[in-house]
Amino acid sequence: MPAFDWLKRDAAGLVTVVVQDRHTGLVRMVAHANDEALQNTLDTGFAHFFSRSRNKQWKKGEESGHVLHVHEVWTDCDADCLVYLVDPEGPSCHTGAETCFYQRVDKHGARSEGGLAAPTFPRLEQELIARRDASAEKSYTRSLLDKGAPKIAEKIREEGGELADAVENESDERVIGESGDVVYHMLVGLLFRKLTLRDVQAEIARRFGTSGHDEKAARNK
Numbered sequence: 590m591p592a593f594d595w596l597k598r599d600a601a602g603l604v605t606v607v608v609q610d611r612h613t614g615l616v617r618m619v620a621h622a623n624d625e626a627l628q629n630t631l632d633t634g635f636a637h638f639f640s641r642s643r644n645k646q647w648k649k650g651e652e653s654g655h656v657l658h659v660h661e662v663w664t665d666c667d668a669d670c671l672v673y674l675v676d677p678e679g680p681s682c683h684t685g686a687e688t689c690f691y692q693r694v695d696k697h698g699a700r701s702e703g704g705l706a707a708p709t710f711p712r713l714e715q716e717l718i719a720r721r722d723a724s725a726e727k728s729y730t731r732s733l734l735d736k737g738a739p740k741i742a743e744k745i746r747e748e749g750g751e752l753a754d755a756v757e758n759e760s761d762e763r764v765i766g767e768s769g770d771v772v773y774h775m776l777v778g779l780l781f782r783k784l785t786l787r788d789v790q791a792e793i794a795r796r797f798g799t800s801g802h803d804e805k806a807a808r809n810k
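One rule links them: number in this note's numbering = place in the sequence shown (from 1) + 589.
If you're looking for bench data, these hints aren't it; they were derived computationally from the structure.
Don't take each hint at face value.
Here are the in silico distance ranges between beta carbons for each label pair [as the list claims (entries may be wrong)]:
no., residue 1, residue 2, range
1, 640, 754, 54 to 60 Å
2, 592, 799, 34 to 40 Å
3, 644, 749, 54 to 60 Å
4, 797, 593, 24 to 30 Å
5, 696, 652, 36 to 42 Å
6, 683, 763, 45 to 51 Å
7, 678, 759, 25 to 31 Å
8, 750, 704, 29 to 35 Å
9, 676, 727, 35 to 41 Å
10, 732, 763, 35 to 41 Å
11, 593, 765, 39 to 45 Å
Quick reminder that beta carbons are idealized off the backbone N, C-alpha and C, glycines included.
All chains should be built: construct the whole structure from the sequences, respecting the hints.
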């Protein structure tokens with residue numbers, strides 16, 4: 590087993606591990622690993638950690654089935670923390686939540702539940718899912734979903750055209766604003782089709798390292 594001489598462990602021989610969804614950027618959980626757990630992660634492609642409370646190594650999902658497929662392992666500049674970039678199966682929190690980070694701390698130091706500590710696009714997607722269950726009178730998103738694919742497609746074409754015009758002739762502020770409108774209506778379209786932002790990000794990731802010309806040629810075939 591490699592010595593991992595570059596790794597700066599704590600007094601117990603452990604290093605902190607941040608587990609992050611490799612597509613959405615959502616932090617799923619934080620745990621600790623020793624050298625053996627890190628090596629098993631690299632060897633198997635499944636996230637392994639060391640439990641401080643049980644004083645033993647464990648594989649995430651060994652009982653629940655909610656495993657973490659580790660795509661890449663990164664370290665920080667001080668080599669005292671690791672990031673596992675993962676494809677998760679099921680929720681990552683022992684409570685059944687998607688992520689362990691679902692309690693927000695307000696300016697007074699009080700905790701409250703509702704939502705997730707998510708980046709902007711996944712947070713927008715969560716908001717649209719919530720709006721899906723609202724009344725059409727109060728929610729533009731729900732009204733679009735009720736009108737179905739023709740109306741959603743019409744809005745995507747309309748907003749796409751406005752973005753194209755802005756790119757060609759208008760200010761940077763207009764380009765940014767119209768881009769936001771396109772993203773919003775795209776997410777509504779995905780929601781209508783029961784697809785997710787993560788599905789799109791996974792497809793983009795699949796294309797990394799492939800020439801745009803090659804990609805288009807492959808699709809034409």
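Now the hints, each set against the structure:
no.: 1; hint: 640 / 754: 54 to 60 Å; result: holds, 57 Å
no.: 2; hint: 592 / 799: 34 to 40 Å; result: holds, 36 Å
no.: 3; hint: 644 / 749: 54 to 60 Å; result: holds, 57 Å
no.: 4; hint: 797 / 593: 24 to 30 Å; result: holds, 27 Å
no.: 5; hint: 696 / 652: 36 to 42 Å; result: holds, 38 Å
no.: 6; hint: 683 / 763: 45 to 51 Å; result: holds, 47 Å
no.: 7; hint: 678 / 759: 25 to 31 Å; result: violated, 44 Å
no.: 8; hint: 750 / 704: 29 to 35 Å; result: holds, 33 Å
no.: 9; hint: 676 / 727: 35 to 41 Å; result: holds, 36 Å
no.: 10; hint: 732 / 763: 35 to 41 Å; result: violated, 25 Å
no.: 11; hint: 593 / 765: 39 to 45 Å; result: holds, 44 Å
Hint check: violations occur at hints 7, 10; the rest are consistent with the structure.
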